[in-house]
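Enquirer: Top to bottom, those sequences are chains A and B.
First residue of the first sequence: 7, per the working numbering; consecutive thereafter.
First residue of the second sequence: 7, per the working numbering; consecutive thereafter.
Hints listed in this document are in silico derivations from the structure and should not be mistaken for laboratory results.
Heads up, some of the hints might be wrong.
Since copy identity is lost for identical chains, a pair holds within one copy or between any two.
Straight line, CA to CA, 25 Å or less: simulated SDA-like cross-link-like pairs of lysine to any residue [to be verified]:
| no. | residue 1 | residue 2 |
| --- | --- | --- |
| 1 | Lys95 | Gly43 |
| 2 | Lys74 | Gly114 |
| 3 | Lys34 | Ala93 |
| 4 | Lys34 | Thr166 |
| 5 | Lys34 | Asp137 |
| 6 | Lys74 | Arg179 |
2 protein chains.
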Amino acid sequence: MPTGHCFMALSLDGFVARPDHALDWLTKQPTGPEDHGYDAFIAGMDGLVMGSGSFRTALGFPDWPYAKPVVVLSRTLTPSDIPAALAAKVRISSQTPQALMAELDAMGWTRAYVDGGRVIHSLLRAGLVQDLTLTLIPILIGQGLRMFGPLTRDIDLTLTQATPFPSGLVQLRYLVRP
Amino acid sequence: MPTGHCFMALSLDGFVARPDHALDWLTKQPTGPEDHGYDAFIAGMDGLVMGSGSFRTALGFPDWPYAKPVVVLSRTLTPSDIPAALAAKVRISSQTPQALMAELDAMGWTRAYVDGGRVIHSLLRAGLVQDLTLTLIPILIGQGLRMFGPLTRDIDLTLTQATPFPSGLVQLRYLVRP
């Protein structure tokens, strides 16, 4: 089965986006030429799994931001929601997390970039996320879409990396303990 | 006016305690002889300001944990709720955050340790917190009492320290930008 891997930026109070999905609080950070490792991270992935919210946000960017295949987890979107130019790169799946991983396995994936708060959390609950790379942004935004949600049991983590950057961003990497 | 200073441990998903105020997820961490700087921090404070929840939690400890004066911010507690043995160390105040700081100023305080999620957040919103020392615990607990709450404006922070410990705890220190 492929393993799930997260790479997310979040405000210090735990939000990945404002209530309207805006990322201005993130993009305004004066990070200059700092390399936060995104390119290296994504180079090690076979593709991305995201929810419909992250998909719509990505559609709003001037250019489609992903070179790798993307699977959008959604029970409401249909193939007709995918712009023709992206038909070869994006597909919709309405599977449960376990069935999705089996589907990705059949496609030859071994490592999936799991993106978007709700999808990350749903795969975390299902025990399908192997590690979390979190970049903490030095700001409190007070409300928005959360990275984490309710759990039926604690999830213990092992810290494997902690890197502060001159901009004030801090990147933390955790392995999810089985 | 005295300045407010926070020193809090929180789960990676942003909780300072379980819904029933339990701290087992924190106390179980195998931190051994690590010094997370609490004694040095509290030595620089004139006293503590906390809410009734933190006060009740502290009353449940085998020994009263604070050598410094404590002010409990509460509109429901009265002096009769303070055990006689603590009468010289603990007082109740029902002031607003601004009036509380003026009251502490009159008592000669210059630096107040602000403790407990709701009190920290209320003083943060009022612009009365100068810095946050947060110790991130490598665990997701899913639900509980939060460190941070809704805001009417963003609060920008400046990272001044990031210290990972062998146990996997990470301590971050931020100045609150005016």
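Enquirer: Treating 25 Å as the Cα threshold, decide for Lys34 and Thr166: within, between, both or neither.
Expert: For Lys34 and Thr166, the Cα distance is within 25 Å only across copies (19 Å; inside one copy 28 Å).
Enquirer: Have a look at Lys95 and Gly43 and pick one of within, between, both or neither, based on CA distance no larger than 25 Å.
Expert: within (23 Å within a copy, 50 Å between copies)
Enquirer: Cα distance capped at 25 Å. Does Lys74 pair with Gly114 within a copy, between copies, both, or neither?
Expert: Close inside one copy (13 Å), not across copies (62 Å); limit 25 Å.
Enquirer: How would you classify Lys34 and Asp137 at a CA-CA limit of 25 Å: within, between, both, or neither?
Expert: between (27 Å within a copy, 22 Å between copies)
Enquirer: My question is about Lys74 and Arg179: at a cut-off of 25 Å on alpha-carbon distance, are they close within one copy, between copies, both, or neither?
Expert: Result: close within a single copy only, 23 Å intra versus 37 Å inter.
Enquirer: When no copy is specified for Lys34 and Ala93, does a C-alpha distance of 25 Å or less occur within a copy, between copies, both, or neither?
Expert: neither (32 Å within a copy, 50 Å between copies)
In summary, the structure is inconsistent with hint 3 from the numbered list given earlier, while agreeing with all the others.
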